[in-house]
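> Okay, here's what each chain looks like letter by letter:
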Amino acid sequence: MNRYPLWKYAILVVALIVGIVYTLPNLFGEAPAVQISSGKATVKLDASMKQRVEDILAKASLQPDFVQYDGNSVKARFADLDAQRKAKDALSAALNPDPNDPTYIVALNLLSRSPRWLTALHALPMYLGLDLRGGVHFLMQVDMQAALTKKAESTAGDVRTLLRDKNIRHAGITRDGNAIVVRFRDQATLAAARPVLADQLTDFVWTESQDGTDWKLAGSLKPDAIKRVQEAAITQNITTLHNRVNELGVAEPVIQQQGADRVVVQLPGVQDTAKAKDIIGRTATLEMRMVDESSEGRMAMTGAGPVPFGSERYTERGGQPLIVKRQVLLTGENLTDAQPGFDGQTQEPAVHLTVDARGARIMRDVSRENIGKRMAILLFEKGKGEVVTAPVIRGELGNRFQISGRMTTAEANDVALLLRAGSLAAPMEIIEERTIGPSLGAENIDKGFHSVVGGFCAIALFMCAYYLLFGVISTLALALNLLLLVAVLSMLQATLTLPGIAAIALTLGMAIDANVLINERVREELRGGANPQSAINTGYERAWATILDSNVTTLIAGLALLAFGSGPIRAFAIVHCLGIITSMFSAVLFSRGLVNLWYGRQKRLKSVSIGQVWKPGASVPAKT
Amino acid sequence: MEFFRIHRDIPFMRHALVFNVISAVTFLAAVFFLFTRGLHYSIEFTGGNVIEAAYAQPADIAKIRSTVESLNLGDVLVQNFGSSRDVMIRVPVRADLKQGELADRVFAALCGAEKGKVEERAAPSSSGSSGTRKVCAAGDAEPVVLSRSEVVGPQVGKELAQDGAKALAFVVIGIMIYLALRFEWKFSVAAIVANLHDVVIILGFFAFFQWEFSLSVLAAVLAVLGYSVNESVVIFDRIRESFRRYRKMTTPEVIDHAITSTISRTIITHGSTQMMVLSMLIFGGQTLHYFAIALTIGILFGIYSSVFVAAAIAMWLGVKREDLVKSAAKDHDPNDPNAGAVV
Numbered sequence: 001m002n003r004y005p006l007w008k009y010a011i012l013v014v015a016l017i018v019g020i021v022y023t024l025p026n027l028f029g030e031a032p033a034v035q036i037s038s039g040k041a042t043v044k045l046d047a048s049m050k051q052r053v054e055d056i057l058a059k060a061s062l063q064p065d066f067v068q069y070d071g072n073s074v075k076a077r078f079a080d081l082d083a084q085r086k087a088k089d090a091l092s093a094a095l096n097p098d099p100n101d102p103t104y105i106v107a108l109n110l111l112s113r114s115p116r117w118l119t120a121l122h123a124l125p126m127y128l129g130l131d132l133r134g135g136v137h138f139l140m141q142v143d144m145q146a147a148l149t150k151k152a153e154s155t156a157g158d159v160r161t162l163l164r165d166k167n168i169r170h171a172g173i174t175r176d177g178n179a180i181v182v183r184f185r186d187q188a189t190l191a192a193a194r195p196v197l198a199d200q201l202t203d204f205v206w207t208e209s210q211d212g213t214d215w216k217l218a219g220s221l222k223p224d225a226i227k228r229v230q231e232a233a234i235t236q237n238i239t240t241l242h243n244r245v246n247e248l249g250v251a252e253p254v255i256q257q258q259g260a261d262r263v264v265v266q267l268p269g270v271q272d273t274a275k276a277k278d279i280i281g282r283t284a285t286l287e288m289r290m291v292d293e294s295s296e297g298r299m300a301m302t303g304a305g306p307v308p309f310g311s312e313r314y315t316e317r318g319g320q321p322l323i324v325k326r327q328v329l330l331t332g333e334n335l336t337d338a339q340p341g342f343d344g345q346t347q348e349p350a351v352h353l354t355v356d357a358r359g360a361r362i363m364r365d366v367s368r369e370n371i372g373k374r375m376a377i378l379l380f381e382k383g384k385g386e387v388v389t390a391p392v393i394r395g396e397l398g399n400r401f402q403i404s405g406r407m408t409t410a411e412a413n414d415v416a417l418l419l420r421a422g423s424l425a426a427p428m429e430i431i432e433e434r435t436i437g438p439s440l441g442a443e444n445i446d447k448g449f450h451s452v453v454g455g456f457c458a459i460a461l462f463m464c465a466y467y468l469l470f471g472v473i474s475t476l477a478l479a480l481n482l483l484l485l486v487a488v489l490s491m492l493q494a495t496l497t498l499p500g501i502a503a504i505a506l507t508l509g510m511a512i513d514a515n516v517l518i519n520e521r522v523r524e525e526l527r528g529g530a531n532p533q534s535a536i537n538t539g540y541e542r543a544w545a546t547i548l549d550s551n552v553t554t555l556i557a558g559l560a561l562l563a564f565g566s567g568p569i570r571a572f573a574i575v576h577c578l579g580i581i582t583s584m585f586s587a588v589l590f591s592r593g594l595v596n597l598w599y600g601r602q603k604r605l606k607s608v609s610i611g612q613v614w615k616p617g618a619s620v621p622a623k624t
Numbered sequence: 625m626e627f628f629r630i631h632r633d634i635p636f637m638r639h640a641l642v643f644n645v646i647s648a649v650t651f652l653a654a655v656f657f658l659f660t661r662g663l664h665y666s667i668e669f670t671g672g673n674v675i676e677a678a679y680a681q682p683a684d685i686a687k688i689r690s691t692v693e694s695l696n697l698g699d700v701l702v703q704n705f706g707s708s709r710d711v712m713i714r715v716p717v718r719a720d721l722k723q724g725e726l727a728d729r730v731f732a733a734l735c736g737a738e739k740g741k742v743e744e745r746a747a748p749s750s751s752g753s754s755g756t757r758k759v760c761a762a763g764d765a766e767p768v769v770l771s772r773s774e775v776v777g778p779q780v781g782k783e784l785a786q787d788g789a790k791a792l793a794f795v796v797i798g799i800m801i802y803l804a805l806r807f808e809w810k811f812s813v814a815a816i817v818a819n820l821h822d823v824v825i826i827l828g829f830f831a832f833f834q835w836e837f838s839l840s841v842l843a844a845v846l847a848v849l850g851y852s853v854n855e856s857v858v859i860f861d862r863i864r865e866s867f868r869r870y871r872k873m874t875t876p877e878v879i880d881h882a883i884t885s886t887i888s889r890t891i892i893t894h895g896s897t898q899m900m901v902l903s904m905l906i907f908g909g910q911t912l913h914y915f916a917i918a919l920t921i922g923i924l925f926g927i928y929s930s931v932f933v934a935a936a937i938a939m940w941l942g943v944k945r946e947d948l949v950k951s952a953a954k955d956h957d958p959n960d961p962n963a964g965a966v967v
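First to last, the protein sequences are chains A and B. Note that our numbering gives residue 617 to position 617 of the first sequence, counting from 1, and the numbers run on in steps of one. The number in our numbering is simply the position in the second sequence, starting from 1, with 624 added.
Hints were generated in silico from the structure; no laboratory data involved. Among these hints, one or two may not hold up.
Said to hold, decoys possible - Derived DSS-like pairs (lysine-lysine); straight-line CA-CA distance at most 27 Å:
id: 1; chain 1: B; residue 1: K782; chain 2: A; residue 2: K277
id: 2; chain 1: A; residue 1: K150; chain 2: A; residue 2: K227
id: 3; chain 1: B; residue 1: K687; chain 2: B; residue 2: K741
id: 4; chain 1: A; residue 1: K216; chain 2: A; residue 2: K150
id: 5; chain 1: A; residue 1: K44; chain 2: A; residue 2: K86
id: 6; chain 1: A; residue 1: K603; chain 2: A; residue 2: K615
id: 7; chain 1: A; residue 1: K373; chain 2: A; residue 2: K325
id: 8; chain 1: B; residue 1: K739; chain 2: B; residue 2: K687
id: 9; chain 1: A; residue 1: K227; chain 2: B; residue 2: K782
id: 10; chain 1: B; residue 1: K741; chain 2: A; residue 2: K277
id: 11; chain 1: A; residue 1: K227; chain 2: B; residue 2: K790
id: 12; chain 1: A; residue 1: K150; chain 2: A; residue 2: K86
id: 13; chain 1: A; residue 1: K150; chain 2: A; residue 2: K277
id: 14; chain 1: A; residue 1: K50; chain 2: A; residue 2: K8
id: 15; chain 1: B; residue 1: K872; chain 2: A; residue 2: K615
For reference, chain A alone in the conformation it holds in the complex (with noise of 0.2 Å):
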C-alpha cells in the first residue's frame, strides 16, 4: 500500500538532480572579467574578436580562465581583480589606437565562476535586479500620439505626389489630428482620386463627404494599421536606445518594452543619472550626401592630394577614407522605412528603403543626374559622421529604392537597422526614475539571504522537534521546494529582486502548511485507531483534496498580482506563483517517496516515528 513503483521514484530522482544542477551556479558567486563590445553604431563585433583578444592577453602574458563570444560582446574571465585591470588596459590600448575615438568599448565587468561544464547545460545564475546590485531604473513613456501625427503628415506628402502625379486637380490637402484630408472642387475629381489614394495607401479608409461646395475625402488610419505603426515606433526606439546604451558600456543593461507604450531601461552599475539621461536622450541624425568623384576628389582618396573645398573625408566601414561633398540632399527625417530583403531579380540581399514625398522628389531628380555615380549615407552620432554605406546609384529612383549588391544576409540586416536606428520613432518621456548605491544593493543581498536562512532554520527545527522522523521528511521536503525554486528561477533566466526574495521566503513558510496538514491528518488516522500503514496512506491520500484547494485560492491571489501588478510587485508574484506549484510537488509527492521509501518495505510496522499521539479518554467524538 505505501510503495511507490520504480518509475515515481525515477522522477524524484531526476527532479532532484536536475534541481540540483540549475541551483549551482547560483552558488558560485562572480568572477572579474573583462567585457569588449561595440563602439560605435556602425562596428559589429563578430566571432574572429575572440582570437584577437586571445592573442592580445597572450602577448600581455595574461593568462585568462577564458574568453568567449556571445552574439554581441567577447568576454575574458580573469581569477583576480589586479589580472583585470592589466587586461583591460592592454586590451584598450590594443584595440582603441586613438583613445579620443574608441572603436571599442572595453569595460570592467562579473562573470559567474560557475565551471564550464554547468554553462554548456544552460545552467546560468539568476540575474540580479537593480535593487541588488545598485544602479539606475527608467522609465519611459513613448508619446505614440507623435508617431501617428508623424505617420499622417508623412502620407499627406505621398497624397500631394500622387496626386499631381496623375495630373489631378485638389483644392487642399490638410492633416486633421491623424486623418487626412483631401479637398476636390467637383466630384468628377474626387471620383478620379479616390482609386488611386486607395491603391496606393492601403494603410487609410476614405471617406468622401460634402462641404459647401466642395468635395471631401477624408482618410483615416485603419485600426490595424495604427497598431503596426505604434509597434514600430516602439521597437525602432528600443533598439535607438540600445545602440545608445552600449556606449555607456554598461555591462548587462536591461531595456524592455512595458505595457503597450511603455520602455524600461536599467543600467546596472551606473551611478551618474545626469550622464545616462544625456546619453539616451539625445539624438543620431543621418545624411545622404553625394560622393565627390571630381578628380580633386579621386585624388584626396587615394591621399596624393588635399580634399578639395566643399567637400569632408570619412571613413567607410572597411576604413577607406571616402570624400563626400557637404551638400545634404536628404536628412534622416524624410527616409520613413528601412527593411533588410532580397532583390526582386537577383536574389541577391538587399536593403529596401521608403523616404517621403519631399523625399522622393529630391531623389528623383538627384539620381536622374547623376546616374553611375555613389552617393554616400553618414551617420552622425557626438558631432561626429561615420559613412553606413556608399552605393552606387544604377537608375532614376521613386520613393522607395534599395541598395543591393556585394552583400550578405547579414549586412543587409544591420545597414537596415543601423539606417533605422539613427533616430527615435516617437518622442520619449522619462516618467520615473531611481538610483540605487551599489553598497545598498549587496545590504540588500544579505538581508534576503538573512531573512530566507532564519526563516528556514527556525521551521525546520520546529518541525524536526514536534514530528520527529515525519517532521525531518517535511524538512526535506521543504529544501527541496527552495531547491526545485531556485532551479526553475534560474532556468527561466529571472530577476531577483528583494521583494523577490521575500516571496521566495513567503512561499517557504506558507509550503509547509503541506506537511503539516499531512502529518496531523496522520495522527489523527493513529488516535483514531487505525494501524500505521494504513494511517500513512489514508492520512496523504485525506490531506491531499485539502492541500489542492487551499493551494488553488492562493494561486488565484498570486495570478492576480501577475496580471495586473507591474515591476516589483511581478517579480513577487512570478516567484509566488512558481514556488506554490513547486510546493505541491515537494511536500505532496517526494514527501511521500521517502516516507514510502522509509516504512513502505515493513510488513509489519508497530508504530511511526511522527511525535507523540496523544489519545483522549474514550468519549471523543461524542457521536457516532
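Based on the hints, put chain B in the right spot on chain A.
Leaving out everything else, chain B in the frame of chain A:
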C-alpha cells in the same frame, strides 16, 4: 510532543455572537481610521519626488522644513530616515516644473541654508568615463550630500492604484467563484466577508499608525487574502466531511467539531509562516519592514477570522447538511426517468 490535547469539541459557535461583535467593532474602527486619517501612500502611488540627503552633522529637521517650505512647493514632508544625519524630503509633483529641476532646486536651497554653494564637479563614474556631480561646497567642507533622488510621474501612481483595485477585485471574484463551485455559495460569501474584514483591518492599522503604504505592502495584503482564505478552506473541508460522517450532529456541533479537529494544524501552520515572517522582520531591514508587518497582522487576524468569523457567518447564513452532501441526494433523483432501475 503534542500541544493540543483536547478532550471534547470546544463550543466555539456558542460564543459566535460575541466574536462577531468583536469583529464588527474592530472592523468599524478600521474603517473609521481609514476615513479620518487615510492611508499614508508611498511615492509610488502618489507620484512625486523623494530626495534623500546626508548631512555631515546631525540634521536640524525644523530648519530644513522651513527652508524647503519657503520654496512654496506645496505639501512638503521632511523626516529622518535611518540615522539622524539622513533626511528624506518628499515633494509632490509640480506640473509647471520639470522633474529633474525640482530636485536641483531643493538641493540648492538646502545647500544655501548650510551657507554653501552648489558647484559642478567632475566625478569619475564606474564605467571609467568622467561625468559631473552636483556638490554643495562651503569652503572645503561638504555640509550636505545628495544621496538619492527618485521621481515618479503622476500617471504611474494613478495606474498603480487602479491596477491594485483591479487585482483586489480579481482575487475576490476568483476566490468566490472557486469556493462556490467547490462548496456552496454560503461558504464563499462567508469566506470572502471574513477575509475582506482582515484586509480592512490591516489597512486600518496602516491608517492608524500612518505607516507607509507602498507597493510591497499591497502585495503582502493580497498574498494574505489568498493565504487566509486557504485557512477557511481547510475548515470548510472539515465541515463537509463531518456532515457526511456524523449524521446526528446539529450544524453548530458539526462546525465546532471541524474547528476543533483542525485547530492544531491551524496554529502550527500559521506559527511556521509567522516564524518566516518574523525572520524577515528581523533581518529584512527597512525595505521589507512594512511588508513583514502587513503579513504579521494579516496572519494573526487570518487565524481569528477563519476560525471565529467565517464559520459563524456560514452558520448565520444557514448552512445545512443538504447543501454539502449533495452527492447522496443525486443518487436518487426523483425526476430521473431511469431512477429505480437500480440493480
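> Please name the hints from earlier in the document that this structure breaks, with their numbers sorted from lowest to highest.
Hints 12 and 14 are the ones this structure does not satisfy, whereas the remaining hints hold.
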